[in-house]
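Just so you know, the sequences run in chain order V and D. Per this note's numbering, the first sequence runs over residues 1 to 580. Per this note's numbering, the second sequence runs over residues 1 to 277.
Because the hints were derived from the structure by calculation, they are not lab data. As the structure is a computational prediction, the values presented were derived from the model and not from experiment. Among the hints, a few may not be true.
Sample of chain D residues facing chain V (criterion: CB under 8 Å; computed from the structure) [claimed, not checked]:
#, residue
1, Ser77
2, Pro92
3, Gly118
No residue lacks a Cβ here, since even glycine has one placed at the ideal position from N, Cα and C.
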Amino acid sequence: MTAAVATRTTGLRAWQPVIRFGLIGGVVGLYLCLVGIVPTFDERPLVAGVISLGQASLLLTALATGYLAATRAPSARRGVEIAAGALAGGLGGSFLAALVLIGLGLGVNLRAVLLHASPELYDTLTLGLGVSGFWVPIVLGAVCGSLAALTASLPASIRLPIVWGFTAVVVMGLFAGLLRTPSLTTPVAPLARFLFAPEGLTVAGAVIVFAIGAGAAILRPRAVPRRRYAALPESRRKVVLRAGVLLLVATVLVLPLGLGSFFAQVVAIVAIYVLMGFGMNITLGLAGLLDLGFVAFFAVGAYTVGLLTSTGEFGLAGWPWLAAVPFAVLFAMAFAAFLGLPILRIRGDYLAIATLGFGEIVRIMAGSDLLKAWLGGPQGILNIPKPIAVGPDSFLAGPVQIYYIALACAVVVAFVAWRLRGSRLGRSWMAIREDEDVAEATGVNLVQTKLLAYMLGGAFAGLGGAVFAGLVGSIFASSMQLFVSINVVALVVVGGMGSNPGVVVGAIVLIGLPELFREFAEYRFLFYGVALIAMMLYRPEGLLPSRVTRRELYSADELEAVAESEIAVAVPAASQEAGR
Amino acid sequence: MTAILEASGVTKRFGGLVAVGNLDFEMEHGSIASVIGPNGAGKTTFFNCISGFFHIDEGRITFEGDEIHRLRPDQISHLGISRTYQNTRLFPTMTALENILVGEHQHLRATWLGAVVGTRRQRDEEVRALEEARRLLTFVGLRGQGDMLAAKLPYGDQRRLEVARALAGRPRLLLLDEPTAGMNPSETLAMTEFIRRLRGELGMSILLIEHEMRVVMGISDRITVLDYGLKIAEGTPREIQGDPRVIEAYLGRSASVDVSAAGPAGPDPASPSPGAA
């Protein structure tokens, strides 16, 4: 088909998409350099002694440019595709060459404005050749582009192993340091040393990881697993499902063990956010109330636990953690009722702004001189005991116990949310979300119902705060940042509104990954922005959107007719989507 | 017969505009009444006053003897008034069945704690609610479509689903805002039959706003004509047809032919020829 098109639209026009990809690739490359991603990541090797993460980010851009250009090449012939890849890659590289020429050749002091246009960056771009090496990015871009185009033109049986292999190397290169450190104290230490450098993979490790990735692509099950699963008889399907659930539960349970306290800390934080995300899923996902002051209830929960359990200066009772938690939840809930009553008559965007204000007020009050005598002001509350008192050698020491506690709480919250969702209350929340006026005319008491959603969301945020206090052992007003609220909202939106599995995925992507790659913390919000924009463009319903609950329960003879009518409706819906 | 709905001296102003002016209205238990009038005559405003969306500036509205004009929409709904909307307003991303279940809201008693714990009472109630919703789905002819998202239903089905949602509140008075708007003649006929069934089988009182004269003249016991917010005529279909003020204000312009074609109103008029509309 492509060939037929090519004969008609020859000349420059046919190359337009290719050139466009080249230009986009060039801009992306330039951006990566000038916001400092390339120089910062250059300090971290992907494969030790061979390639740094910064270089890899540029090469990957070139590879992607070439690959995409090849798919839009004016003809499906391999030669044309490779030419397209080379052209796009080279065009992208020329942007960087221009940067070198302007910065080094003409001596324009770009650093006055663009802090990251440093000599080190030019060294990276020209492989240390200085201004006479300005051609390096063009050639490298063209080479990468044509290699990617060549890969794209190969049959799937060869292409997929290559792509999978490279993906495996990049992913493992990122995680190598995290995997190596904890395994050094275990019997597999020699293997870890062989595969992983202190940061990044060793050369041998890279080869092995590539081979494993490629092998996995070759050996991957031929049939799509889901279709295979559907083909199984009912009884077997149940067995497979149960085995899958068991495997998942087991993975979740052993996750923090054996990977060191840093990793345990990260998964504990993710679990706390999952717990709060479940709560937010009621307020935002079900009832549609955009609450940007979630952190207020988080703070109430944290401070309640802090005050009741601390053995330090501001501790009131010195209770065990577990005894304080119910009070933290109740206080957060009461506080939500107190805040909610006046503001829940406000609709939509205004509600978001009002709640945003409350979140900030709580943070500032907590750190103020006014309440210093009770809440410790900026010094905060210290010496909050761990929830479960164990010796330092126990496997429950440190963040691991917090992980399990947060997990248990998250399960409870998910259960509550699930039960409510299918109840009269869940339906009235959804009705309010969809059309407030009609919901009211249908008999739903707006204030009462919204307040309940707000209070339950607040209760779960308070629970999150209580667990958080147990994790860090001290509470400061400065921990109660607006970012806590934004994080919770963002992970619900990215995961899929109203979907609990979505919350888990959202928390891993938006909280877990940035925590794991602390050294790139500077770019956390860049990553957020890109992720959110990409989500809104390509998957506005979220990564794992909630499914429609099926409840009419067709009788067998109706099923067929229904399936037909569903197809009839699905078609116009699909064409509408395409039209947008 | 006693009045189920009574309005006296109802006035609703928007700034300087009198949308409804000093309106007296009365309808009997178990009757079908219609409000007609040109566009902008204040018909839907009157509906919104009854269902509590608007607070009236003067006058009073009573339902079965109770004053309702100071109540909130949800309280009015609890008393036994349900309504549909001129432009269908379903809960679009909920399934058809869930839409009906929301309509049953006021008859369910489960608390949030009961729902979380899953008390026996709550579970029984859910089972019954679901049964009732399926029954209503069948009643309006949407059996088999219950798990479809409301937004994905065809237009006619959406209107019927809206009626089902209103019926789920087990109202004694049903307000239908242009139930046949945008329907073709055969759909219109089906809807007319359906409205008649509602009164006949469920003993409901029905108040409708309608533009389609064939429907109005065919099923109404009483007709009220509004123009510029004022009541200009009231009576049986036959009286309205002959009223010169009505013909002048409204029917005279385009619909008078339709009216004469519809023939005398009776409990069961011979099915009008579908092509005339």
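Okay, the hints, checked on the actual structure:
With its C-beta approaching chain V no nearer than about 4 Å, Ser77 (chain D) sits inside the 8 Å limit, and its interface hint holds. Because the smallest distance between the Cβ of Pro92 (chain D) and any Cβ of chain V comes to about 6 Å, under 8 Å, the interface hint for this residue holds. Hint on Gly118 (chain D) holds. Least Cβ distance to chain V is approximately 6 Å, under the 8 Å limit.
Checked against the numbered hints above, the structure breaks none of them.
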